[in-house]
Amino acid sequence: MSTEAEATLPTSDHTGHGTGTSYLDASSGLRNWLITLDHKRIGIMYLISVLLAFAAGGIFALLVRIELLSPGRTIMGAATYNQVFTLHGAIMVFLFIIPSVPAALGNFFLPIMLGAKDVAFPRLNLLSFYIYVVGAVMALASMVIGSVDTGWTFYTPYSSNSVVGSQNAVIWMTGAVFTLGFSSILTGVNFIATVHKMRAPGQTWRRLPLFIWAAYATSVIQVLATPVLAITLALLLMERAFGLGIFDPRIGGDPVLFQHFFWFYSHPAVYIMILPGMGVVSEIIATFSKREIFGYMFVAMSSVGLALVGFLVWGHHMFVSGQSEYATMVFSALTFLVAIPSGVKIFNWLGTLYGGAISLESPMLYGLAFIVLFSIGGLTGLFHATLSTGIFLHDTYFVVAHFHYVMVGGTVFAFFGGLHYWWPKMTGKMYEEGLAKWGFALFFIGFNMTFLTQFVLGSRGMPRRYYDYLPQFTGLHQFSSTGAFIIGIGILLIFVNLTRSLISGKKAPRNPWRSAGYEWMTPTPPPLENFKEVPVITRGPYDYHLATEAELSEN
Amino acid sequence: MNPQGTFQLPPALSEYAPRVDELYYFIFWISVVAFVAICVALVLFVWKFRERKGGPTKGAQSGDHHALELFWTFTPLILLTVLFHWGFKDYVAAAVAPDDAIQIRVRARQWAWEYEYPNGMITPGELTIPMGRPVKLVMSSDDVLHSYFVPEFRIKKDVVPGMYSSLWFQAIMQPRRYDAQVYCAEYCGARGDTGGHSAMLSTIHVVTGSEYEEFLREGPSRPTDLQTDTQWGELLVTQNNCLSCHHTDAATTLPAPSFAGIFGRHQSLEGGGEVTVDENYIRESMLTPQAKIVRTYTAIQMPPFHFSDHQVDAIIAYLKTIH
Ligand SMILES: [Cu+2]
Ligand SMILES: [Cu+2]
Chain W
1 MSTEAEATLP
11 TSDHTGHGTG
21 TSYLDASSGL
31 RNWLITLDHK
41 RIGIMYLISV
51 LLAFAAGGIF
61 ALLVRIELLS
71 PGRTIMGAAT
81 YNQVFTLHGA
91 IMVFLFIIPS
101 VPAALGNFFL
111 PIMLGAKDVA
121 FPRLNLLSFY
131 IYVVGAVMAL
141 ASMVIGSVDT
151 GWTFYTPYSS
161 NSVVGSQNAV
171 IWMTGAVFTL
181 GFSSILTGVN
191 FIATVHKMRA
201 PGQTWRRLPL
211 FIWAAYATSV
221 IQVLATPVLA
231 ITLALLLMER
241 AFGLGIFDPR
251 IGGDPVLFQH
261 FFWFYSHPAV
271 YIMILPGMGV
281 VSEIIATFSK
291 REIFGYMFVA
301 MSSVGLALVG
311 FLVWGHHMFV
321 SGQSEYATMV
331 FSALTFLVAI
341 PSGVKIFNWL
351 GTLYGGAISL
361 ESPMLYGLAF
371 IVLFSIGGLT
381 GLFHATLSTG
391 IFLHDTYFVV
401 AHFHYVMVGG
411 TVFAFFGGLH
421 YWWPKMTGKM
431 YEEGLAKWGF
441 ALFFIGFNMT
451 FLTQFVLGSR
461 GMPRRYYDYL
471 PQFTGLHQFS
481 STGAFIIGIG
491 ILLIFVNLTR
501 SLISGKKAPR
511 NPWRSAGYEW
521 MTPTPPPLEN
531 FKEVPVITRG
541 PYDYHLATEA
551 ELSEN
Chain L
556 MNPQGTFQLP
566 PALSEYAPRV
576 DELYYFIFWI
586 SVVAFVAICV
596 ALVLFVWKFR
606 ERKGGPTKGA
616 QSGDHHALEL
626 FWTFTPLILL
636 TVLFHWGFKD
646 YVAAAVAPDD
656 AIQIRVRARQ
666 WAWEYEYPNG
676 MITPGELTIP
686 MGRPVKLVMS
696 SDDVLHSYFV
706 PEFRIKKDVV
716 PGMYSSLWFQ
726 AIMQPRRYDA
736 QVYCAEYCGA
746 RGDTGGHSAM
756 LSTIHVVTGS
766 EYEEFLREGP
776 SRPTDLQTDT
786 QWGELLVTQN
796 NCLSCHHTDA
806 ATTLPAPSFA
816 GIFGRHQSLE
826 GGGEVTVDEN
836 YIRESMLTPQ
846 AKIVRTYTAI
856 QMPPFHFSDH
866 QVDAIIAYLK
876 TIH
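Residue numbers (this note's numbering), protein chains in the order written: chain W, 1 to 555; chain L, 556 to 878.
Simulated from the structure, these hints should not be mistaken for lab results. Hints may contain errors.
[Claimed, not checked] One-sided and incomplete, this derived list gives chain L residues near chain W with beta-carbon spacing under 7 Å:
id	residue
1	K712
2	G717
3	S720
[Unchecked claim] If you anchor each label on the Cβ, the simulated ranges turn out as follows:
id	chain 1	residue 1	chain 2	residue 2	range
4	L	T636	W	K507	50 to 60 Å
5	W	T499	L	W602	29 to 39 Å
6	W	F121	L	F581	48 to 58 Å
7	W	L502	L	W602	27 to 37 Å
8	W	I75	L	L809	15 to 25 Å
9	L	L809	W	L308	51 to 61 Å
Because the structure is a prediction, the values reported are computed rather than measured. All C-beta atoms in this analysis are idealised placements derived from N, C-alpha and C, irrespective of residue type, glycine included.
Can you make the complete structure from the sequences, with help from the hints?
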């Protein structure tokens, strides 16, 4: 930290060619990418991987929806169907959603937003990417070997002595998730250290972008919760491999214990999945309202609050499992607390819109969609937290719809919003705005068709994970499947648009959205070391009134 | 009380169901109001504060709004407390069965339900209970997790191997008998092409008090909407998921012998010997399947089915028709 610039953010010169060459041009060749320590390139490699996982998980989702077009057999048998929905869930959760925002977008932007040259431990960062790859390959291996049919929750004793598929497939898949956990932990540790130690001069905690606050809270959960998953899966593997009686009652185990362990990780994991998305939405809303986030400190603290409360509510997945009535009561009460920080975020985003100078480019559409869809996800959570209705709706399509509103309507919409928002900065190319809006519209409409319908299916009594169903549910299932195809077309359009921009897109300016965010102050695409000289931060990331005209101009 | 059901909810057929529905609709309308408020605010603000040509290019400064922040942080707590309390009250009511409840033992296994009545009678696949009387189910599982779910009664409970769990309900009074649908709500796998978890269904027949007394004396009888024993036999075979192991085409002989052409077939047995499949053999195969094992079929065991004589007759009649 020797050469400090003037007390302002450095901006690029108007030719766009700064002193540092862009990270994309710094070196070439596949080898240089694969052994890179640059957080931006690692972010891009994650991005490609999670998008591939998303495509695979999406294809499995469509297979599920095709099978459910009619009662009885449509295209596959029950055992195959069970494997397909398991793969859909496991891939989407462990290979896509969990790493999507933090590992792909976070890796790229966290150091830049902090004004740092890289993450604190670049080698560890590359390692965690390769651990992710090993995990993904193991998951693929489980598919080749015979596939898992346990659902992504691996409930015992079914998973410890399942006969369908292959004995070894379960071992491979749990091994894969075990491995992916380490990738998650290492990224978490890295981010925490980076946020603590690598902030540019002048970047106080009160000047942290909300995306960083969210990533920080997420990392804390990753580091604290993921080891519990690792322990659980290790115990499960030992039970399967050596016959230790831990979860299987036939050999002296307790199946409900597994559920406690599993949800002790997997409920906080819900916040690993949603918090980074909320961070992205805060960035988008501020930029496209040209205004400071309303109640900044409340929004930041609500992320931390969610991270904390998230650890205390795992038992709400077990209201009917046979856990004690007292536990059930306490978990119901604590679960309601989740509504508070979630509500705080929604209200403050609305407060930010009020008094803004709002423009509706495609990233903003995703941001606004997030508010709408996440509200539905949150409000339908009330039905589940309330004991009597929660027990009625548990394990029906209602809960399937609820968590898709949170995970897809929330996280995935935020991820695509972030992708469109930061795409120009990452790739140096502009995509076509009209096509982006079409992709968004199809995704949004299809999504609501698919999952609003599933609320009704669930409240009418349709249980989840059903290969077959009674004739009275046919119409709703067909409508839901139709929506799924529309989502498919929308996503395809988005992929086509983004890919095309790489080939024939216009060159992106430094700051296409005229944002005051720190990451837009550096040239597009960013130089290898992120900034030409170490930036000194003199204002918050949303202080539009303090940002200079030069900073807010496109070039 | 809504025995017909609504667009969102199935018919409410237990005394407890309307309580759940009332709370369901309470939350529903609160959610609708909150959701509409959020959407209206969103659209309104986006419209009113859209960036205009020649208008301001930056938004207004925010400043601090601690009072407002604290207001919307803490007021929702009031509503949340109400919801918690209401849900909990109903939950407690549903948790404790009255002392005079009729006790039924429920046994679950992949993929069938079996019921045992206080007099020791066992009926696989369907449960008959009297209307207007509390009924308590004491449930256990032979293999993996299952969950007993009756949407029309608004109740659900996991059935866990290695422990008992229980559930109670009181079916409403109606002028004549009616049925409620039972689902397994905890994923429990499948084999091959057959439904498995999704076929682990069952029916609760809710009958009048005198019909129930008669049922306890006489055992299950053919449903009135079926004309022949053959039809009843077919129903029993589907209800009890025999087809998760046996197939009705001659070609599929795994994991259990095909039902096609079974009657009169010569079958060689484990440990030597041969039988011709007749009424007695089929009867024995269902009631005590381990007595004679068909040669090579040792990988999985057929569980015993406690059918009444009349049910056995019906199944035999049905099996005779499969060629
Ligand atoms: Cu949870
Ligand atoms: Cu089941």
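Against the structure, the hints:
The closest approach between the C-beta of K712 of chain L and any C-beta of chain W is roughly 5 Å, which is under the 7 Å cut-off, so the hint is satisfied. About 3 Å separates the beta-carbon of G717 of chain L from the nearest beta-carbon of chain W, less than 7 Å, and the hint is met. Among the interface hints, the one on S720 of chain L holds; its C-beta lies about 5 Å from the nearest C-beta in chain W, closer than the 7 Å criterion. Between T636 of chain L and K507 of chain W the Cβ separation comes to about 56 Å, which falls inside the hinted range of 50 to 60 Å.
A C-beta distance of roughly 34 Å is found between T499 of chain W and W602 of chain L, which places it inside the suggested range of 29 to 39 Å. A hinted range of 48 to 58 Å holds for the C-beta pair F121 of chain W and F581 of chain L, which are about 52 Å apart. Checked against the hint of 27 to 37 Å, the pair L502 of chain W and W602 of chain L passes, with Cβ atoms roughly 35 Å apart. In this structure the supplied range 15 to 25 Å holds for I75 of chain W paired with L809 of chain L, their Cβ-Cβ distance being about 22 Å.
Against the hinted window of 51 to 61 Å, the Cβ-Cβ separation of L809 of chain L and L308 of chain W comes to about 53 Å, which satisfies the hint.
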